[in-house]
Amino acid sequence: MQDAFIIRHDDRGGNGPDDGDMTETLSTQAGSSGAPGASGAPSGRLALLDVLRGTAVLGTLMTNVWVFTTPGAEGAILRGAGGAPGFTSPSDGAETLFRLLADGKFLSMLTILFGVGLAIQFDSAARRGLPWPGTYRGRALFLLTEGTVHFVLVFAWDVLMGYAVTALLVARLLTRSDRVRRRVMWWAGGLHLLLMGGLTAALVASGEQGGAGTGGNVPRRVVELYAHGGYPDQIAYRLENAVALRLEPVLSFGLLVFLFLLGVRLYRAGAFGAGTAGRRIRGRMLRWGLGLGVPLTALSVLAGPGGFLLGRYCAAPLVAVGYIGLIGAALDRVRREGWFVKGLTSVGRTALSAYVLQNVLCVLVSYGIGLGLAERLGDSGRPWWVMALWAAVCAVLMGGSALWLRRFARGPLESVQHRVLRR
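For the sequence shown, this note's numbering begins at 843 and goes up steadily by one.
Rather than coming from a laboratory, the hints here were simulated on the basis of the structure. The beta-carbon is built from N, C-alpha and C at its ideal position, and this holds for glycine as well. Take the hints with a grain of salt, since some may be wrong.
Simulated restraints, written as ranges between beta carbons of each label pair [as the list claims (entries may be wrong)]: (1) Val1262 / Ala1234: 26 to 36 Å; (2) Ser1019 / His1070: 52 to 62 Å; (3) His1070 / Trp1028: 43 to 53 Å; (4) Arg1175 / Gly1146: 37 to 47 Å; (5) Leu1144 / Gly1032: 22 to 32 Å; (6) Ala1044 / Ala1251: 44 to 54 Å; (7) Pro1137 / Phe1250: 16 to 26 Å; (8) Asp934 / Leu1011: 40 to 50 Å; (9) Val1092 / Thr1017: 21 to 31 Å; (10) Ser1019 / Pro973: 13 to 23 Å; (11) Leu943 / Arg1218: 25 to 35 Å; (12) Arg1063 / Trp1028: 42 to 52 Å.
Based on the provided sequences and hints, a complete structural model is requested.
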């Protein structure tokens, strides 16, 4: 996710100031022709990638906000709680549609963008004649450290740790032929589908809900922990349940590899460029991604709780591809950047800071160590207050990042990482 968040080429020699990971800015190679909606973008940047990254960061919160506001929070997910309620009432239907728009889709988009960032770094190193993966191993280990700190101190469902491990493998694959990468990509995707199919069959046979339950079986002590427990107790809970809480990136490792390599292929095919070829590729991504992903998502919903894995880990990546095409098509028609596009671009340029800050804000608003709204409001006004919380956090991040970038070149966490890596 680090690479997906920020990577910049610096052709002045040596490793560029942002030639790193989630804290850096995805940009074009020297001589690129720009991108859709590039009117306000710094020279040499692929503006579409900034917007995609900003959208993906805020989109992940569309899923995570329900984790923060469910009784038992992070622990509730381990018990299959906090799933979409279905369509039994207008409010339930609104919540279900809100969740379906996001669940797994924006996470897959971030994964694809990470692969794009990895390809940009590789090409930059090749132009300079630098060894590969070379210093990238250090960056990946730094990302692993970042993810570990984020997991322990802020949010149990962190994605950085899994991305760091996957990046080490894919970085090696970039030195191999396109044929080898293509084989690994499709083998990883195929094995992932087999695993998800087998797990789904096992869930259906056992009657388990696969993470899509409504939340009535969360132990009271876990609910009390997040409603009234202290911050050290919450940290201890994450550490005690670290194996279970880190299981998702293990089960989805094949998907991570597939989407990383897909990002590499899309970038090298010119899918993010401003020219006719880029628009044509994005058009195909839109048609195929949504044309296949939306019906499969609908089928996973009709399958009930047993279709959860297929929806999140099989249909969602297809929809993510369609989302990229859709956002690209929308930006192709933008003649003048408004505040909304500028806000997404700013979040994309400060993505590491935005990703961490959105989780910190939700912790302080929802848990008992802060305002405790998850318990105080509970089902009262739900799902509307949860959706409002998401919108408010998005507004804060879009406005705050835009103001920050008026004075600073990087986000706060991006600056810290930059200094550490340079040393």
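Violations among the numbered hints: 7
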